[in-house]
Structures are given as structure tokens and as C-alpha cells.
Amino acid sequence: MPTQTTEATRPVKAAVTTPGRQAARARRAQRAKDWARRAPLLPALVFLIIVTQLPFVATVVISFTRWNALAPDSRGFAALDNYLAVFTDPAMRSSVVTTVLLTVTVVLVSLLLGLGLALLLDRSFRGRGIVRTLLITPFLVVPVASALLWKHALYNASYGLLNGALTWIWGLFGSDNPPQPDWMTDSPLAAVEMSLIWQWTPFMMLILLAGLQSRPADAIEAARMDGATAFDIFRYLTLPHLRRYLELAALLGTVYVVQNFDAVFTITSGGLGTANLPFTIYQTFYQAHDYGQASAQGVIVVLCSLLVATFALRSVSSLLREEVTR
Amino acid sequence: MTSALLPPRRRRRTGSLLGLLAWLCGIAFFLPVAWMVLTSFHSETDAATNPPSIGAGLSLHGYREFFGEGTGVSPWPPLINSLTASVVSTLLVLLLAVPAAYALSIKPVRKWTDVMFFFLSTKMLPLVAGLLPIYLVAQNTGMLDSIWLLVILYTSMNLPIAVWMMRSFLSEVPTEILEAASIDGAGLHTTLLRIVAPVAMPGIAATALISFIFSWNELLFARVLTGIVAGTAPVFLTGFVTSQGLFLAKVCAAATVISLPVLIAGFAAQDKLVQGLSLGAVK
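Residue numbers (full-length UniProt numbering), protein chains in the order written: chain A, 1 to 326; chain B, 1 to 283.
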């Protein structure tokens, strides 16, 4: 790296002529050079700190305040009251559980489905490009549109496509008494999860497909020549190679799904035990107007995310490490 | 499956069976979208039947309603708001991210990995936790219901991803060529134009695509921070659901129109989409 070479040559130069002034000038030049390097980075960094970090600081401050917009006169220092209220609130506790359940289910199921689809698409067959395009379409539908589509066109108990299909299939067998479940009230969380799995499977598939296609072809060919079965090749060559891609897909999926608001808000309006953390905060702030408590919830969510993020960042760092040693 | 040991004909048969399975999966995943488009072309009464009336006559009624016939509510202001927020924030993202990525890859600052992780960690913090202070600031500065507030927020939302993506593209610029260029006395301008730009262009396209899609899709901030003036297309879409009367064809028409820009952009650049969503880690 250039910085190291300049630092190495500096003492030699400085020793030749009047040491003090020369060293100071060199140091100043070095500092100017450092700042010249940093300059292109600063606008982005400053912008991001102002827009994303300062609000969090404000959130922390407000979380210690008693502040309900509906009762502006009683505003004051609340110490830990908001946190106590949040921790003892059963709704908050259940929204933590819901968030974990929702995220884990959606990420795991779409990861497995995505792996299966990626393996199917990794082989050549007629119309592969078309199938790939069909498969990624769910990911390109605007999330609110997708949530509305599932709620009204598919799940609706009286005219949704799911129950319509049941009527049709039962009708084929001469029955006019088909089961007509009310999907959104019978299994509300599964209904939300289903629509999200539909949206996120294509994403997982695309990452894993990229992973499959970067496999070293010669090693697989050699294994096949040596009589390895397709399962052996998958187990001992493909899967180890895919590990990083699986981790990456799971990590990114988690980051995006944890924050999901659109599906919960649209499909069930957070009812029937489907309120996740983003929705609960939205509700505390937007409907209950309890600013202090909403902020306390926000701080808790941030602390939890930091916990997950440190773990996740460690796995991402493996992606950067090879480049650092380059 | 032991396809490697099977005689060629049986292997071919399992092969075409797997191809068929892939086709079936593709159709299954596409079906809800196809249903949405078909329903959008049905009349309201044909859209809400059980069993579904697949062969019902087509009608443009849903689209006419979407474009304001009968209700008099034009979809253009929200569509233009969405377009403004997405395009301007995407331009801002590129303006900030490209130089930053340069300072993280081609001429890296010291401890550049720490800076990268700082960018990523801001992406992992749930946006909703900062919502209240942003709302209060907007309220006090008169920025509530202004599209420019969304431009700023969407820029910050997409900036970390953009920096990661652009860095992964710029790190492909071969260092030997950069050194050779500087020995030959090439100035910064020439280096950027001749060596960096050709490598960066596909990255800029991918970054722009992702940034555009995320901004176009965003609902939470738009819902809380905008009203009648600056409401975006997703907010407008949620308003199509009414408590009385039939609305399915109308909602499907609206959902189709609003998804169209993303569908077109996504189909046109499938590979860029993967690169973008994986922060440039998958090429």
C-alpha cells in the first residue's frame, strides 16, 4: 500500500537535512494526503450519520421521557417507567415471539425451497430461461400489492382463489359441499408467512443459483469419472461450496424479513397474534400516540438487532477477509 | 438419485421429468401474478365469484376506475410522487456512494473494513426505531407531507447497500493497470474516465436499479410522513380497499399498474438484481 511506502521513506529524508522542520512538513503532507483520501468518503458518511444515527440518539432521549401526544401537559422525565411498561406489556412480549417465529419460518422455508428450485434450474432443459423468469416474478411485485393480492384475491373466504379452487375441485367429484376455510382467521400467522415465503423464495433461489454456477466444473467431472453418485457429489462437493451462499442468503433474508411491515399491516392489520415488532412500534406511535413508550420499544428493538447484527457481521466478514489479504 | 450409474436412456428420462418439475414450480409461483392480471381485466362481479369465473368476458373497467373514472381521483399525483422520490433519491445515492466506494476500494482509507461494517450496521438497525424523531423534526420544520423528506430518507435507506455494491464492483479494477497509468503520468481525470468508468458502469446500473426498486416499494415512511400532497403510489394503492361494495378488479388493476415499472426493470436486468440484493457479494 502506498501509505506504508511513504511512511518508510520519511525518516530517511528527514534525517538528511534540518530534522525538525523537515519532519513537520512531511507530517503535514502526510496528513493532507490522508484527508485527500478520506474526502470522497465524507459526504456519504456525514449524510448517513445525520439521517440514521441522530434520530436514534433522539429516540434514546425520548425513551426516558413521559410523553403522550394526547396528554401534552403531563410531559416530563420518566426514568425507566417506559421500559418497565414495555417489559410488563404482554402485547410487546408476544410481538417479540411473533417476530422471531415469522422471521425464522419465512427464512428457513424460503431457503429450502430456493435451494430445491436452484438445483432444478442448474440443469439444462427446454425453456429454462422462461422458467427462471416465471420464478422471479413474485419478487418483482410491489410488496403492498402482493399483500393485497394474497389478502383479497387468494385468501378471501367467499371469493378468493384458494376457496374457489376447492369448490371447483370438489365440484369435479360431484360434491357441492367443499371445505371453505377462512384462511386469515383460522391461521393468521401462516397466512402472512405464506405470502412472504412466496415473495422471498425467488431471492434465495437467485443467490443459490449464482452459487451453484460458480462451482468448479472440473472437480465435479473428476468425481463423476471416479464413480461418485449424484448424492455424493451433492453432499461432499456442492454443499460445502454452497455454504457461504446459504449463509449469505439467510443473513440478508433475515435483515429484510425482520423489518417487514407491509405484509403484517395489510393482511391482518397486526390482529390475531400477527403483530411483529415494527408493527407494534408503528401502532404505539401512530395510534396510541405514546411517544415515550414507542421510543422505549424502538431502543429495545435496536439493542436486539445489534445482538443479531454482531453475529451476522462476523459471518459477512468472511466475505471481506479474502479481499483484505489480496 | 444415482443418475451417474444409470443407463443413458433412464438418465434422460429422469432429466426430462426434472425439467417438467421445474416447469410446474415456475407456473405455480407465477400463478398468483397471472391471477392478479386476469382479475384486473374482469368486471367487478366476475372478479368476485366462487368458483372463479376464469373464462368471463374481459373488461377495462378496473383500469378505468384506477385512472379516475367515476371517482374523479387521479392516480397521477401519487405516481409522479413515487417517481420523483425514487429517481431523485437514486441519483443522490449514486452521487454519494460512488465517491465513497472509490475511497474504500481504489484508494482505500485506513481501516476501510471498519467503515464498511459501519455502513452495513446502519442497514441492520430497523428503520422504524428512528421513525418518531424523524416525524417530530418533520413536524417542526414543516417537512411533513413533503416529497423531499422521503427523498432524504430513501437516500439514507439505500446508501449502505449502494456503497457495498459499488465497492465490490470498483475492487475489480486491476491495481496493476492503475499503477501503470500513474507511472505513465495519467492524471486523475484520465484514470477515472479510461480505467475506472468502464468497470464501474455495470455496477452503477445495478446500484441504480436496486435503489429505484426499494424506493418505489417503500410503504411505512410514506404512510406515516405523507398525506394528501406527497402520498406515494403504495399509499394510494392501500386506499383502494373499501369497506363496502366490490373492489377486487380495481385493486388488481391498481396493483398491476403500480408493479409494472418494477417488473419491467427487474425482467430487463435479472442478474443486476441478484448482485444488488446480495450487496455485490454474488456476481
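The set of hints was computed from the structure by calculation and includes no laboratory data.
Heads up, some of the hints might be wrong.
Covered by chain A, per the in silico footprint, the following chain B stretches (three or more residues, Cβ under 8 Å) [as the list claims (entries may be wrong)]:
#1 96-103
#2 129-135
#3 232-238
If you want the footprint, here are the derived chain B segments under chain A, 3+ residues with CB under 8 Å [stated by the list, open to error]:
#4 41-55
#5 63-70
#6 76-90
#7 217-223
The beta carbon of each residue, even a glycine, is placed where N, CA and C say it ideally should be.
So, going through the hints one by one against the coordinates:
1. Evaluation of the coverage hint for the region 96-103 of chain B: fulfilled, as 6 residues show C-beta separations to chain A shorter than 8 Å, against a requirement of three.
2. Three residues within the 8 Å Cβ limit are the bar, and the region 129-135 of chain B against chain A gives 7, so the coverage statement holds.
3. Three residues within the 8 Å Cβ limit are the bar, and the region 232-238 of chain B against chain A gives 4, so the coverage statement holds.
4. With 6 residues having a Cβ less than 8 Å from any Cβ of chain A, the region 41-55 of chain B passes the three-residue criterion, so the hint holds.
5. With a threshold of 8 Å between beta carbons, the proposed coverage of the region 63-70 of chain B by chain A is violated, since 0 of its residues qualify and at least three are required.
6. Given as covered by chain A, the region 76-90 of chain B fails the check, having 0 residues with a CB less than 8 Å from a CB of that chain where 3 are the minimum.
7. With 3 residues having a beta carbon nearer than 8 Å to a beta carbon of chain A, the region 217-223 of chain B meets the requirement of three or more and the stated coverage holds.
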